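Following this note's numbering, the numbering of the sequence shown begins with 1 at its first residue and continues without gaps.
I should point out that these hints are in silico values taken from the structure, not numbers from a laboratory.
Mixed in with the good hints there might be a few duds.
Said to hold, decoys possible - Computed list of lysine to aspartate or glutamate pairs in DMTMM-like fashion (alpha-carbon distance at most 25 Å, straight line):
#1 Lys129 - Glu142
#2 Lys185 - Glu92
#3 Lys208 - Glu148
#4 Lys129 - Glu10
#5 Lys208 - Asp52
#6 Lys180 - Glu92
What the hints assert, rightly or not - Okay, the calculated beta carbon distance ranges per label pair:
#7 Gln42 - Pro155: 51 to 59 Å
#8 Glu179 - Gly21: 45 to 53 Å
#9 Pro155 - Arg241: 22 to 30 Å
#10 Glu179 - Arg103: 33 to 41 Å
#11 Asp206 - Leu168: 34 to 42 Å
#12 Asp169 - Lys119: 30 to 38 Å
#13 Asp206 - Tyr53: 22 to 30 Å
#14 Pro68 - Glu179: 16 to 24 Å
#15 Glu13 - Arg204: 18 to 26 Å
#16 Asp170 - Asp69: 41 to 49 Å
#17 Lys208 - Gln153: 22 to 30 Å
None of the values given here were measured: they were computed from a predicted structure.
Built from N, CA and C at the ideal position, the CB exists for glycine as well.
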Amino acid sequence: MIYRDGNGRELTEADLANATGTVNWSIAGKDDVPQKAQVLHQQARVAGGAGDYKMALNLLSQANKEAPDWPYPLYDAGFTFLLTGETNKALENYAAALRLAPRGFFTAITAVDTLKREKQGDLPPGTYKQFVQWEWMENPVEKKRAVESMIRQTPNFAPAYKELASLLDDDVASLQAIEKGLTHKPDAETRGFLLVNKSLILSRQDKKEQAVQILGDLILNPATPTDIEQIARSTLADISR
1 MIYRDGNGRE LTEADLANAT GTVNWSIAGK DDVPQKAQVL HQQARVAGGA
51 GDYKMALNLL SQANKEAPDW PYPLYDAGFT FLLTGETNKA LENYAAALRL
101 APRGFFTAIT AVDTLKREKQ GDLPPGTYKQ FVQWEWMENP VEKKRAVESM
151 IRQTPNFAPA YKELASLLDD DVASLQAIEK GLTHKPDAET RGFLLVNKSL
201 ILSRQDKKEQ AVQILGDLIL NPATPTDIEQ IARSTLADIS R
């Protein structure tokens, strides 16, 4: 046995044997998706990549009609509406994708949480759009500068601390960023990443028991997002060797 939680649920080596730490979102929920829907979705992604958002949204709508239980077209529609500045429609589509995949689909959990908070006035308009643009920043120095700027402007946005922690070389500074992020109402996805990264630091600090408890609780919690569970399983398998 590797871990037992307060409710007596256990994790063994066998439970972690096939942990990969990854989720292939491109096939998630794709069982029995009609070929026509897949073709329409791919065409929409090509159109969106070329900047033809109107065409992309039309194709995504068609794909959704062909496969109403497939979250991918709704998720991509949410992202496309985000790019066009139609945040209410972005929120509607991200939320619809999440209803089909309650334990997460790509970054839908963070998207819905952030856009709702923008709508409520808890976060400045455009916070989530700025956040997703960091993914395309290849220069770590520029990315760190952008993240630190957002933290100064929006200190209650937990995903920014998650990003900052991953950009810092010093474990002490990273742990400080993680702890700050955990105090600022993180969504389930962000909280999961913060806790996994905290466990890695604790493991390096020879605090393995604390690290195992964090990961074990994530894995055994049925509300943990799908990708976080897989990452936690893989991480626990690594530090238990």
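We went through each hint and held it up to the structure:
{"no.": "1", "hint": "Lys129 - Glu142", "result": "17 Å, holds"}
{"no.": "2", "hint": "Lys185 - Glu92", "result": "22 Å, holds"}
{"no.": "3", "hint": "Lys208 - Glu148", "result": "30 Å, violated"}
{"no.": "4", "hint": "Lys129 - Glu10", "result": "40 Å, violated"}
{"no.": "5", "hint": "Lys208 - Asp52", "result": "50 Å, violated"}
{"no.": "6", "hint": "Lys180 - Glu92", "result": "30 Å, violated"}
{"no.": "7", "hint": "Gln42 - Pro155: 51 to 59 Å", "result": "40 Å, violated"}
{"no.": "8", "hint": "Glu179 - Gly21: 45 to 53 Å", "result": "24 Å, violated"}
{"no.": "9", "hint": "Pro155 - Arg241: 22 to 30 Å", "result": "38 Å, violated"}
{"no.": "10", "hint": "Glu179 - Arg103: 33 to 41 Å", "result": "25 Å, violated"}
{"no.": "11", "hint": "Asp206 - Leu168: 34 to 42 Å", "result": "20 Å, violated"}
{"no.": "12", "hint": "Asp169 - Lys119: 30 to 38 Å", "result": "37 Å, holds"}
{"no.": "13", "hint": "Asp206 - Tyr53: 22 to 30 Å", "result": "51 Å, violated"}
{"no.": "14", "hint": "Pro68 - Glu179: 16 to 24 Å", "result": "42 Å, violated"}
{"no.": "15", "hint": "Glu13 - Arg204: 18 to 26 Å", "result": "22 Å, holds"}
{"no.": "16", "hint": "Asp170 - Asp69: 41 to 49 Å", "result": "46 Å, holds"}
{"no.": "17", "hint": "Lys208 - Gln153: 22 to 30 Å", "result": "38 Å, violated"}
Violated hints, in rising order: 3, 4, 5, 6, 7, 8, 9, 10, 11, 13, 14 and 17; the structure is consistent with all others.
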